[in-house]
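**Student:** Quick note, the sequences are listed as chains A and B, same order. Residue numbering for the first sequence follows the numbering used here, starting at 1 and increasing by one per position. Residue numbering for the second sequence follows the numbering used here, starting at 1 and increasing by one per position.
Because the hints were derived from the structure by calculation, they are not lab data. Keep in mind that this is a model prediction, so the values were computed, not measured. Among the hints, a few may not be true.
To be verified - In silico lysine-lysine, DSS-like type, Cα no more than 30 Å apart, as pairs:
1. K43/B / K301/A
2. K301/A / K61/B
3. K208/A / K34/B
4. K34/B / K143/A
5. K46/B / K287/A
6. K301/A / K34/B
7. K394/A / K371/A
8. K163/A / K61/B
Spelled out, the chains give:
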Amino acid sequence: MQTEKIYTLSAVTGSIRKTLSERYGSPFWVKAEMNKLNYYSHSGHCYPELVEKDGLRVIAQMKSTFWQADYQRVNKKFLEILKEPIKDGIKILFQARMTFDPVHGLSLHILDIDPSYTLGDLELEKKETIERLKKEGLFELNKRLSLPLLPQRIAIISVETSKGFADFLQVLESNESGYRFFHMLFPALLQGEKAIDSINHQLNTIRKLIGHFDVVCIIRGGGGDVGLSCYNNYELAKTVASFPIPVLTGIGHATNETVTEMVSHLNGITPTRIAEDLIRQFHLFAKPVENARQYIAQQAKVLVADEGNRLRNEVRLFKNSTENLVSKNGQLLRTEKSNIGTHVQYYFQKSKQRIQLFSTDTQKASNSYLKSVHQEVKYVMNVLQKDSKTSIEKNLQGILRLESEVNMLSPAQVLKRGYSITLFNGKSLKDVEELSQGDVVRTILANGEISSEVVSLKQES
Amino acid sequence: MKDNPNYTEAFEELQSIVRDIEQGEITVDELSEKVKRAAMLIKICKQKLTTTEEDVSRILKEIEGMEGA
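So that you can see chain B by itself, here it is in the shape it has in the complex:
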């Protein structure tokens, strides 16, 4: 269980929580923790959908570096 999963990991973990609930494998004791975790994963997933970390200027610099080499 990583604290900063990428979207594939976040997505898969979320699916596994859903599966656990579907199969009745989550007890009331764990529920609160699982729901908290799911909320965090959902937030991460939604954030991934609406933000991007790439930067054109950084890539352009990389291209210049390649051409200079």
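Looking at chain A on its own, in the form it has when it is part of the complex:
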């Protein structure tokens, strides 16, 4: 039935082992992602889980062994060069030998790891975090916040027993100016992969209590400068960058600034520096207040003194000018007084003279006038006496002549000389037209009357 050769299991494993050891005789270099380090503290050995991914899909996976001595040596190199221990989730370039164990199967025996490859990978992660934050517009957000005038209420993310925390509080609380800070500790892990979640968690707690705090300080101190690549993690850096109040970092003397420190409001590097910066901020507030106090006190004195001087000057000026005015007016008054005396005397004299002159003139004039009137009257009286006799005689003769002339003109005399008057209807007739044929007219003569009837009429043209 069974014609083919039958092997024991160990013969198979032995054969595989032999084949593999012939085929993979010498060690070779492999690059892979170390998903898990699987460090066993009691033995000191590691059993890293190695994978290769295409995106998120695992396309190769292998177990490996990393013996205590090799692990210790390589880890030391990592700490020197990367400032990071060998840890989960890093990409490694390692030298390995293929091994096959009849019980445990196929695995890679890691002999050495090249730290510079991992370093490059970590740098790449850091670069990617920075680029992503910049692209999303988050990188500068926390920096753009302004520190409150008095950053007095401080949320501290730290480890209670750490030296950094103690240093920080010591500087804050022993300040010489007596500034008082309120601080509250939010304990968290501050290095290694677990720090990401731990710090993020505490930042979220603080975010809920945001009304109580002015700033957040992430304080690390003591311990070596290792395990800080967590601060390059995108999630952590993003939380810090977009935190609503300023985040100050005092993580330590890292050679390279981490992304979290870059995006923080202020990276003081050491806890002491952060505390000093906060105190300086208080000084910035206190100094102008003190300056204002001195300035106001001094200026108030100056102002009062100036005002006093001005008042004294005004009084002096006022006194001087009134004195001047009084003496000037007194002088003027005296001059006027003497002037008026002279003027009045002069005026009176002048007036007196004028009156005297006037009175003699008047006397003279009236005397001569009276004299001339007297002479005139005398003359007229002479003339009248002389002329009146001849004049009366002359006038008498004239009157007699006139009388005879008047007599000559009386109607009776005219009638005597042959003239007559014709009357019609009792009125003297002067116009032929008043008459018609047959009218009876009366004619008066010197010694009687005639009545006659009109026979004919003839009008002279």
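Could you slot chain B onto chain A? The hints should help.
**Tutor:** Chain B in isolation, oriented as in the chain A frame:
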């Protein structure tokens, strides 16, 4: 002009008094009142620097309240 300004307000008012004096806008009549006010503001500012009203236990209670909710 608040009777109980916070430190920012107190500080700013103090600065404005200093400015007024610098620019000669304060007369002797106002001086006494302004100096009195400035002294009060300085006192408030200094008090703010050296005292704090926050209380850890109160904040802790708040956190408990949040976690309970």
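**Student:** What's the verdict on K301/A and K34/B, does the C-alpha distance respect the 30 Å limit or exceed it?
**Tutor:** holds, 13 Å
**Student:** Between K394/A and K371/A, does the CA-CA distance stay at or below 30 Å?
**Tutor:** It is violated: about 35 Å lies between the C-alpha atoms, which goes past 30 Å.
**Student:** Within a Cα-Cα threshold of 30 Å, do K34/B and K143/A meet the stated pairing?
**Tutor:** It is violated: about 38 Å lies between the C-alpha atoms, which goes past 30 Å.
**Student:** Check the hint pairing K208/A with K34/B against an upper bound of 30 Å on the C-alpha distance.
**Tutor:** Distance of about 42 Å is beyond 30 Å: violated.
**Student:** Does the structure keep K46/B and K287/A at a Cα separation of 30 Å or less?
**Tutor:** holds, 10 Å
**Student:** Does the alpha-carbon distance linking K43/B and K301/A stay inside the 30 Å limit?
**Tutor:** holds, 20 Å
**Student:** Between the alpha carbons of K301/A and K61/B, is the straight-line distance 30 Å or under?
**Tutor:** violated, 52 Å
**Student:** Would you check the hint for K163/A and K61/B, treating anything up to 30 Å between C-alpha atoms as holding?
**Tutor:** Measuring from Cα to Cα gives roughly 28 Å; hence the hint holds.
Hints 2, 3, 4 and 7 from the earlier list are contradicted by this structure; the remaining hints agree with it.
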